[in-house]
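*Asks:* Everything in the sequence shown is counted per UniProt numbering, starting at 1 for the first residue and increasing by one.
Careful, some of the hints might be misleading.
With a cut-off of at most 27 Å between alpha-carbon atoms, the simulated DSS-like pairs for lysine-lysine come out as follows [as the list claims (entries may be wrong)]:
1. Lys87 <-> Lys121
2. Lys122 <-> Lys111
3. Lys33 <-> Lys77
4. Lys448 <-> Lys230
5. Lys339 <-> Lys365
6. Lys230 <-> Lys85
7. Lys572 <-> Lys560
8. Lys533 <-> Lys546
9. Lys122 <-> Lys88
10. Lys722 <-> Lys208
11. Lys506 <-> Lys426
12. Lys564 <-> Lys484
13. Lys28 <-> Lys51
14. Lys33 <-> Lys111
15. Lys365 <-> Lys344
16. Lys33 <-> Lys122
17. Lys483 <-> Lys506
18. Lys208 <-> Lys80
19. Lys546 <-> Lys572
20. Lys506 <-> Lys533
21. Lys365 <-> Lys483
22. Lys77 <-> Lys88
23. Lys339 <-> Lys359
24. Lys448 <-> Lys344
25. Lys533 <-> Lys564
26. Lys208 <-> Lys230
27. Lys533 <-> Lys572
Please keep in mind that the hints were generated in silico from the structure rather than gathered at the bench.
Computed from a prediction, not measured in an experiment: that's the story for all the values here.
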Amino acid sequence: MERVMDIEEEVVDRGGWEVEDLFDNAMKGQWKKVVEVYRLAEYVHDLRITKMGDTALHIAAFDGETEVVLALLEVIKESKILQIKNKKGNTPLHLAAEVGDVETCHAMATKDRKLVSNRNKKNETPLFLAALNGHEKVFRCLDSHCDDERCYSFRARNGDTILHAAMSGEYFSLAFQIILWHPELVNYINQSGFSPLHILANTPSAFKSSSRLRPLDRLIYQCLIVEELKGGKEDKKSICPFEKRGKITIDTGSESHQALTKSWGNRMCSSLCLSKRGNKKEDVENSQQESSSMSGMNQREESHPNNIYSSCVKFFNLITAALNVINGSPRSTIWSIDKILDEKRRHIWATQVMNQLVKHSNLYKKVIQSTGETPDDKDKFGDVPDPTKVDPEQPSHTEKKDDTEDKKNDKLEEKKNDKDNKLEDKKTPILIAAKMGVSEMVETILDKFPVAIEDVDSENKNVALLAVENRQPHVYSLLVDRKKQITRLLRRVDNNGNNALHLAAKCGSHRPWLTPGAALQMQWELKWYTFVKESLPPRSSVRYNKEGQIPQEIFTTSHKDLRKEGSDWLVKTSESCSVVAALIATVAFATSASVPGGLDDKTGSPVFKDKPAFNAFTISSLLALCLSVTALVFFLTIITSRYEARDFSISLPRKLLLGLTSLFASIAAVLVSFCTGHIFLLDRHLRHVAYPLYAATCLPVTIFALAQLSLYYDLIRVIFRKVPQRSYKEYRH
1 MERVMDIEEE VVDRGGWEVE DLFDNAMKGQ WKKVVEVYRL AEYVHDLRIT KMGDTALHIA
61 AFDGETEVVL ALLEVIKESK ILQIKNKKGN TPLHLAAEVG DVETCHAMAT KDRKLVSNRN
121 KKNETPLFLA ALNGHEKVFR CLDSHCDDER CYSFRARNGD TILHAAMSGE YFSLAFQIIL
181 WHPELVNYIN QSGFSPLHIL ANTPSAFKSS SRLRPLDRLI YQCLIVEELK GGKEDKKSIC
241 PFEKRGKITI DTGSESHQAL TKSWGNRMCS SLCLSKRGNK KEDVENSQQE SSSMSGMNQR
301 EESHPNNIYS SCVKFFNLIT AALNVINGSP RSTIWSIDKI LDEKRRHIWA TQVMNQLVKH
361 SNLYKKVIQS TGETPDDKDK FGDVPDPTKV DPEQPSHTEK KDDTEDKKND KLEEKKNDKD
421 NKLEDKKTPI LIAAKMGVSE MVETILDKFP VAIEDVDSEN KNVALLAVEN RQPHVYSLLV
481 DRKKQITRLL RRVDNNGNNA LHLAAKCGSH RPWLTPGAAL QMQWELKWYT FVKESLPPRS
541 SVRYNKEGQI PQEIFTTSHK DLRKEGSDWL VKTSESCSVV AALIATVAFA TSASVPGGLD
601 DKTGSPVFKD KPAFNAFTIS SLLALCLSVT ALVFFLTIIT SRYEARDFSI SLPRKLLLGL
661 TSLFASIAAV LVSFCTGHIF LLDRHLRHVA YPLYAATCLP VTIFALAQLS LYYDLIRVIF
721 RKVPQRSYKE YRH
């Protein structure tokens, strides 16, 4: 039985100096003195020295003081000391697993294997905390010490398993191994009704379909090679073959003190046997010495056998690093190969985990009991363990003892009904994936379970309706290509009588499209509405919902504010550009009417008519006048537009693009006209000085034009792209 004693009582019974001494030394990091006190006084081993009820062993484990913990473990003879819990219910092994100290976890688990399945007040085991914090090496080590099969199915208070924990932190390498070792955890759901597949469906950024890379990034992305995750059940029990090959002592200031330490052989074993995942600069020579039992461990790109590829990557890294220094940009910019490599690795590993989750899932399978009878549906996600039971042998933390058996039964029945109602409102993974835009998961689930196409949520919205409502072009295009499955879905309506076109016509509060500006957002809203309309059966556009509205009415009403905002931006932009175009037209007209050098008195011809600079001056002046007037006409056309919703589709963006193009071309023509006309005013020996000045004069306009390239790119893309492109994060420009 655990010995519980307040700090004040310990001070009275034991003199108090031990508590203060241990606490001060631990806080100051003077661990040699702490070890010495432990060696001299055995009764201080279970002393709690903080208000949270931590012992010195707790503090050392949480601070990651590996050598100190090993020395304390040598002094401590009774394993029950390791079972002491603080006020949060954490043992020292809990804290060591939380910080990721592999050697400490191995030493404690070796001393008392029952610690691996010990739970704190949140019902978390050290194995669970290792998975929750993504410490794969610690998890593998503790997993090899876990003899009790129930320790894998232990849950936190919210019903999360170790697989839920790994998936929540997006530790896909660890999650992949857990699935291979414990595939039954795939079908466990927590008290929120979420399975691991639900959690992955809520993480669209883990998949390629939700990534938005720039052209150079996409090129690098395609060239990089990422090894897929490997592993199998044979790896489980051969992960931590620690062997003592000698000892290293820690000098504690006392000649009589001897502390247990870690052998260097064990240290090398832990670095080789636990995993190769965490260290990118790991020696290739060490990886070649790894035993065959570790064939499932994940390898980093630096240990790839293709030396030519590795050399190319290093060379490109060197070039991009030099460019970053020149440009003054940090190493974390898009030029970093490591960043793109991590993203690609994340995408590939998440896809592998998704495939394993779907493979072992009982989403749509009816489980038949051994008696031959069909059991009642436990929930809509398959035959899985009750999420309200965190431990098969213990009642849930939410259950309380009642005075009478009737009250207890009523409470249990009420809880069961609440659970059923909550699960009834919860979306299935394919519905979540459709809403979040994870087209890879939608496709995989439909290939594995074609019946998933019939799934609907509490509002009777199916996969297609959710994809349309949440503006997910990838998912909707995927569904449209499955003509046999999608035909009947597109004819269905939700509880409010809305079909897919009604939902496409609604405008949400957020801006989903990958483009800046209200005008371009409005244009892509029109394109999305048109794209959905063309894929629907005839007469879908004149169908009324329960509020008596057709899709066109909904579009006009819901996009009223966006249309107003877009028209205001177009008017202000056009007015500003019109002023500039008018000034350029005035200057160009005056310039085109002037003749550098004057006219010949005898013939009336220009004096420099045969000079190349004169010809350039004449042509550029005429171009500046024509282009500025053209730009002025386009901008005036935009200002006088009626700004109907359909005008935002092609008419207004095209006029803006042509107007801006004409304006910038006229500015360039005016500058050329100025430079070629001014050169006749300089002496021949000063002309070489004037060229840099001309370049400096053109520099501000050039910088301004380059700054507008993003707007040009967006206008061209929106005009010529049929299906809009959704944004999954903040727009970069």
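*Asks:* Kindly indicate which numbered hints from before are broken by the structure, ordering the numbers from low to high.
*Replies:* 5, 6, 12, 15, 16, 18, 19, 23, 27
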